[in-house]
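Got two chains here, each in a separate frame; can you build the complex from them with the hints?
Residue-level listing of the chains:
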Amino acid sequence: MRIGMVCPYSLTVPGGVQAHVLGLAEGLRGLGHQVEVLAPASVDKPDRPLPEFVTPAGRAVGVPYNGSVAPLAFGPVAINRVRRWMHDHDFDVLHLHEPTAPSLSLIALALADRPVVATFHFATARSRALAAAHALLQPTMEKITARIAVSPLARRVQVEYLGGDAVEIPNGVDVLQFASAQPLPGYPRAGGTVGFVGRFGEPRKGMSVLLGALCEVARTWPDVRLLVVGHGDAGALLRAAGPALASRIRVLGAQGDGGKAAALASVDVLCVPALGGESFGIVLTEALAAGTPVVASDLDAFRLVLDNGKAGVLVAAGSPTALSTALDELLDDPERRAALAAAGRRRAAMWDWPVVARRVLQVYEGAFAADPRRLLRARRRISS
Amino acid sequence: MRFAWVAVTVGVSGAAWGAIRAATRLDRLHMRTDAAWAALDAALHQRALAVSALNGNVALCGAALAAVHAQPSAREELENELGRVLSALNRGGLAPASASRLADAEQRVVIARRVYNDAVRDTRALRLHRMVRWLRLAGTAPLPRYFEIAEPALAGYGPELDGAGA
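Residue numbers (the working numbering), protein chains in the order written: chain A, 1 to 384; chain B, 385 to 550.
Isolated chain B (complex conformation) (with noise of 0.2 Å):
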């Protein structure tokens, strides 16, 4: 009888190890995804005020414009639209320090969406998770969307191979 009695108290105390140690790890990968949501908002209007320097291109300004002050609903898309002018734009005819400006923020909002996009998977793999799911540990937090839009070809990153890039 008494052996029962640590075999439950034994299995309770475990049990409940694990539900806060998940719990923990739950909160830190909120905090990762909030704080790595905010970097890539800065770094999509850094690339809208790259793209606002460009003198006179009104298309352009107004697509910018458009992308940053979308709902986030409308984010991904009007964002992608504003990478599908800018990938049809001939950087060739652009001031060289505009350009440079441009291509820096482009290869920031690359990086802040792999970062980004890496929290949102380490987070939903944990809250699909079985425990987190019944004890619902997540409480009212809603589960993070992946931010996806398509990424510009940045010319003279690294070595290119047909098939093996992707």
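Next up, chain A with everything else stripped away, as it sits in the complex (with noise of 0.2 Å):
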């Protein structure tokens, strides 16, 4: 199949959508299919060179949204670059991810003439806004062929103010080179490591949650470290901890999923403390896959990835005390950490690649079955 893939963010900042959309057309590619990513991103980034099968359509706008910074693409210029990669190439399906999102994919989706596939990434219930939104685009909206929805949540908030039902079909995640990374050098230390992944600087991440939770931590575990991944500013990450917490922690910044798998080896324990406006967890995903032991708040999302429990410990969101108990306790006990990281790497299977790509297809090929264009050529076929 030929499949057209649009991200609305930025291929230059790394996100969850970002890392979905490359990991699901490579996933794709692997079974033989051919794919193009069409996508916000800067050219002038050496170390960091896009895979031969994306486009980039441009540098992209930061605009807040959905309580993050979201970089997104827009104007003549987007409309134009869309135009001219659907004309290049001769799709089957497009495949369009947060197409309610005010960037390529809406504008990909306003000029589209063949099955559209949409995936919808957030699950932040935020009725009035999108019911506004709604009633605009729905002419717009109702060219989409099949909707896909990562989480039961996103899937309820497609069903309550979007106005459609939705396959679900969770996130992927690269399960073999998470599963088979190494630790950074020096790591695993003796003293307790604890690991966190993420946009630190953004407060739904909750990383002042884990702040206050490592303060009680150190009391009992004076050698505690963390060891912080992800994109934002270090030194207001520093400040903000203070003189005490700052020497215990190592940012190591944005990384590729390399860095991000060897720092996952590398820790005893990720935590996970956002408070909310999650819709699905990939960290945890590729957490449970590198055998690295979960602590995260009870967040619905978090809830299903962790299957209530069993494969990673749930805190109560937001409060530093609970936190610091649950890490505590987990830094204490080698044994549960390690029925932990087996329980995981069990759950993990299902969201390998291969396996999400596969029933990705089968919802390309059920939107492509649903192409007016081939009832028309029916139609023409038994009239002549």
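It cannot be assumed that every hint is accurate.
Claimed, not checked - Quick list of simulated restraints, FRET-style, between CB atoms:
1. A:ARG381 to B:GLU535: 44 to 54 Å
2. B:SER484 to A:ALA132: 37 to 47 Å
3. A:GLU160 to B:VAL396: 34 to 44 Å
4. B:LEU519 to A:ALA316: 50 to 60 Å
5. A:PRO76 to B:GLY398: 19 to 29 Å
6. A:ALA316 to B:ARG514: 46 to 56 Å
Unchecked claim - With the Cβ distance kept under 10 Å, some of the chain B side facing chain A (calculated, not the full set):
7. ARG416
8. ARG498
9. LEU510
Claimed, not checked - Computed footprint of chain A on chain B, listed as stretches where at least three residues anywhere in the stretch have a Cβ under 8 Å from a Cβ of chain A:
10. 448 to 457
11. 485 to 494
12. 500 to 507
Think of the hints as simulated: they come from the structure by calculation, not from any bench. Every residue gets a Cβ at the ideal spot worked out from N, C-alpha and C, and that includes glycine.
As structure tokens, this is what we get:
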């Protein structure tokens, strides 16, 4: 199949949707399909080369969206790029990610003249904004043939606020890469190492809760260290941590999958203290694949990934006390950590990209089968 | 006086433009619904074929044949009946190839039904619009109906949580 995939967020900035798009594209290519990706990306960053199947659509502009600053691209230049890309490739199916974001996906949807599969990633139920946008966007949204939601929560938003149903297919993860990663030099170390992965500057990611918990943990674990992977201002983080904690924090900055996998292999526990606005939690699946024990907030999305607490420890969101107790107990119990790691590896198999890509392919075929142009051709054949 | 004429002209052409746009959208939606129904019908046929490939189960074959050859008005009920028989079927006793073919066909029915019902939902929303009803933009096309059948519980498909998947 010839598949055209559009990502609304810039590939120059790491993020969950971006990783999903690239991982799915690789997975589908592995199954022998032709995939092209269109995404905002600046080409002047030689340290992060784009895969050959990506067409960069120019620089993105940071726009506050869904509680983050989303790197979006829009305007006449973007419209032209989308049009040219769709004209240059004769796709069987277009797969648009997050088509409600004002970026390339929405443009591609407006211009589309073939079956469209749309994936909805976010699950923030901001009813008023979505309902208002819905009325305005309805004529465009009518062109979507089939919808995919990455979690039951994303599907619920779909049903309740966007007026449509969706097939539920979870995010994928490169299980082999995470399972086989080597730890960073000097790790694993004695004394306890806690990990954090994500844009730590964003309040909703819950770094302040983790810092609060770490103050407590440091009393029983004087050598405890926090390894931070993610995009953000390291100086501001160390200032916020205060002099007592700052010396225990090592910020690795934004990392590709390889660096993330190495960091996960290096820590004793991964902590995901997010406060809300999470629809899936890719980092959780990556940690499970890596065999890293997880302590996470008890958000609905995380509860699902962690099999209701069977594959990881859930603590009350926003509570430093609950988090410090859980971290303390896990650091103190290697057997429990080993059991969690084994349970996590078993669970991660369902998110392996080849498994997920096959299910997405079924949806493509479903959309392709429901293409009105095929019906028209059949009718013409019958009448002639 | 001239201003009034301009206002009337603008108003009339605006209304005409809106009506043409709605009619175009409606035409597109009817096509989408028809095509989605053709695809759902094909997926249901594929499921029936997968069932009839299970050797020797006469009751199942009968249910499958009855469903795909049903009158349109009885189709939902008979497809549902087939779904019920299938959910009671012990998959462990099947040959692996036929079992996976059946599971694949069932998943494709789920997808095709979502695609069809989505098309119906969008079409009905526009059909019930005031302007579309007053100007009878839909002509004689019947109002499309949802296809409601119980979905099979597919084992091993994604994480489950009590109440959250509903």
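Honestly, which of those hints from before does the structure not fit?
The structure conflicts with hints 1, 10, although it agrees with all the remaining ones.
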